[in-house]
Amino acid sequence: MAQVTLQVFRGDANGGEFVDYTVEVDEGQVVLDVVHTVQATQAGDLAVRWNCKAGKCGSCSAEVNGKPSLMCMTRMNTLDVSQPISVAPIKTFPLIKDLVTDVSFNYEAAKRIPAFAPRAPDAADGTYRMMQQDIERGQEFRKCIECFLCQDVCHVIRDHPENKPNFMGPRQFVRLAELEMHPLDTADRTEFIREAAGISYCNITKCCTEVCPESIHITDNAIIPLKERVADKYYDPFRWIFGKLTGRG
Amino acid sequence: MADVETHEYDVVVVGAGGAGLRAAIEASAMGARTGLVCKSLLGKAHTVMAEGGIAAALGNVYGEDNWQVHFRDTMRGGKMMSNWRMAQLHAQEAPERVHELESWGALFDRTDDGRIQQRAFGGHRYDRLAHVGDRTGLEMIRTLQQHAVHKGIDVHMECTISRLLKDGDRVSGAVGYWRESGEYVAFKAKAVVMATGGTGKAFRINSNSWEYTGDGHSLAYWAGAELIDMEFIQFHPTGMVWPPSVRGILVTEGVRGDGGTLTNSEGKRFMFDYVSDYFRAETAEGEEEADRWYGDKLNNRRTPDLLPRDEVARAIVAEVKAGRGSPHGGVFLDIASRRPADYIRRALPSMYHQFKQLADVDITATSMEVGPTMHYTMGGIRVEPDTGAATVPGLFAAGECAGGMHGANRLGGNSLSDLLVFGRRAGMGAAEYALGLGTQPALVSGEVDAVTSEMDSHFGSDGAENPYTIQSELQDAMDTLVGIIRTGSEIDQALGKLGEFRDRAERAGVTGSRAYNPGWHLAMDLRSLLTVAEAIARAARERTESRGGHTRDDFKETDAEWGKWNLALSRDADGSMKLEKTPLPEMPAELATLLEEAK
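So the sequences go chain by chain: A and B. Each residue of the first sequence is one higher than the one before, counting from 795 in my numbering. Each residue of the second sequence is one higher than the one before, counting from 2 in my numbering.
Misleading hints may appear alongside valid ones.
[As the list claims (entries may be wrong)] Partial pick of chain A residues on the chain B-facing surface, computed with a CB cut under 10 Å: (1) Asp806; (2) Gly809; (3) Tyr901; (4) Pro1007; (5) Glu1008.
Since the hints were derived computationally from the structure, they do not count as laboratory data. Think of the CB as a built atom: it goes at the ideal place given N, C-alpha and C, for glycine as much as any other residue.
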């Protein structure tokens, strides 16, 4: 059992500061365990979001020693416990209190995405047929646990909150890619991806991919193919000319 | 209550896991003004943790499967304690609910001919679980969440309901608070659906998420509803046991469904020694037959590794007690030596990831250490099978907080299907009831104020007790005294301690403000935790037999006479918990025949 000092951000929208808490750490513990120890013994009102403590719900996102992480999947023995460990709320979203931020930006964006629109069933009994290889990309996207760490590290909104009204961020690009590549879906969201979701703001720095706890290839598999669709539809000169000539533009 | 924010709906659904979402979708589709209230953010409910799959007799892998076989497996797995009508509806309607999820965007793993793939699971005769690797719950909650959002259903996130209110005998609404601001909020509702999940946080070693504090059980109980079958608690046989901080986290039954076996410290597949007479005829006799069964379920019998969960959990306890356990007090679960590494990573990606990251164990190379963990509450609010109506007018329930469906032991995979089948039915039942009700029942102003001032009372409480300490002691008491193996004298001790905890919980004090204050939240959760803990203990004390998820060391045998009775708990006029024996509903002859035929 080692003693460790956690520097936890305490505060709300009006400001705050890091407060030191020294606690005992047990074998195998993760950062969330230690935050819970602080809560149970020294700061009962320390605000932190968590649900499953098993890396499945994506609730406990925070910046541990400056690195955006799930607290429940960050083991203490991967950190240098001889130094104080800082735990701060994710930066991209407005602070509510302590480690809890207002992530409603993401829920509002999700409401605006054009809904899944399936084709008619394939079989007389009302069921569908899809081959495994045709759904694997979609299944990769649907691993997303909505921890919003990709949103947290995205420079477009992390450093420029003024972009938020025009840019939905990597999480929603993953969602849009999933819908666009869904074998049953019939809707065309290209215009939405360009205009409302603002995909052109993304300059493919891949920070989102690096931080994804589910190892989704956000940039390569979701964002770039969506950018290509937009480019094909709106910026392909041959298609533009073809459209003008045939009236199918 | 002039200053309490108030919303008005036909139907308010409390809880946004699988059952709550499905209920809200149905109620809204029927034209009821519907509000969905959840304690966490949307999409984070415990359903997200479900791994193995949704049980439904689709017949995609074995054409021989049908609802009758599923019904029979469910009844036998539940040790004949399930409400027959619920088991019937569940088996009949689960396939349609799974196909519906697919039409709402879910991407299940596929068979070679493009249909929904199904995997083997404990107690199921055929490969029956529709799944997505080992993250089926995530797929289900995300699909329902996205569908609900696109249907425009009002979702009130991070809003905790503290009390149900009544107008005369009828439910009239609920009072709670916004977590973010700490402000109080009231909901006027003609009908309220409880979909709050289970009670795992009353135990130390559990596989459950933060939210599982028995809120729905407790809210319904305090509103006058009956709880049944509370003694039946499912200890899932395979939770992680090491390191200590992850003890209890679930290891999916899919590991065994996909070929993994349980072994003891001598390397022996010990489950062959624990096949009860009840399951002998349908269980493989030796390792050869068991191994053939994975590939050919028609001509071989099921491996005992996949006996129902209560049987496997007890066997593990016995092996550990006999000194044949693993170094950290569990047994070994081995898939590494039985399946190729790339197969394991593809079929069980979350398990691979979970062990690698949390325990430094590579499950494609070495065995896992596993042991029982409190996983599921079979008991719950007594409901009408067809409508989900509780015994209080205007109150409905679905999912884990409802009782009856799973009897004395739930089969794996039958929970996700339960959420869909009975979530829909409760949403339908509540909407029909609400739309048929002429006038909106009234919220009594004084009652709202009484609730909020009680909630306030935890601030500045003198000689305050720490709510975290009380919960921790409660968890230890439940684990050691009302755990997987029980005796009358220990349960009596537990009941004594629960009385002390109740006194202390009244003095639970908190500091800080009401805004996002977890200590305050827990102080209020203690009421639910202590209510369900008492219900579990009282029912467990009364049932002097062993059956399913209730094992009495002092009454080891299953008693046919007890098999005729449910135990029902309700709040007596004097405020004490009343316990009654009520007869099990009698199964119609044509269904009883199914059980006989299929033996």
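Against the structure, the hints:
1. Asp806: holds, 7 Å
2. Gly809: violated, 15 Å
3. Tyr901: With a closest approach of 7 Å, the Tyr901 (chain A) hint holds.
4. Pro1007: holds, 9 Å
5. Glu1008: This interface hint holds because 9 Å falls under the 10 Å limit.
Violated hints amount to a single one, hint 2; each of the other numbered hints is respected by the structure.
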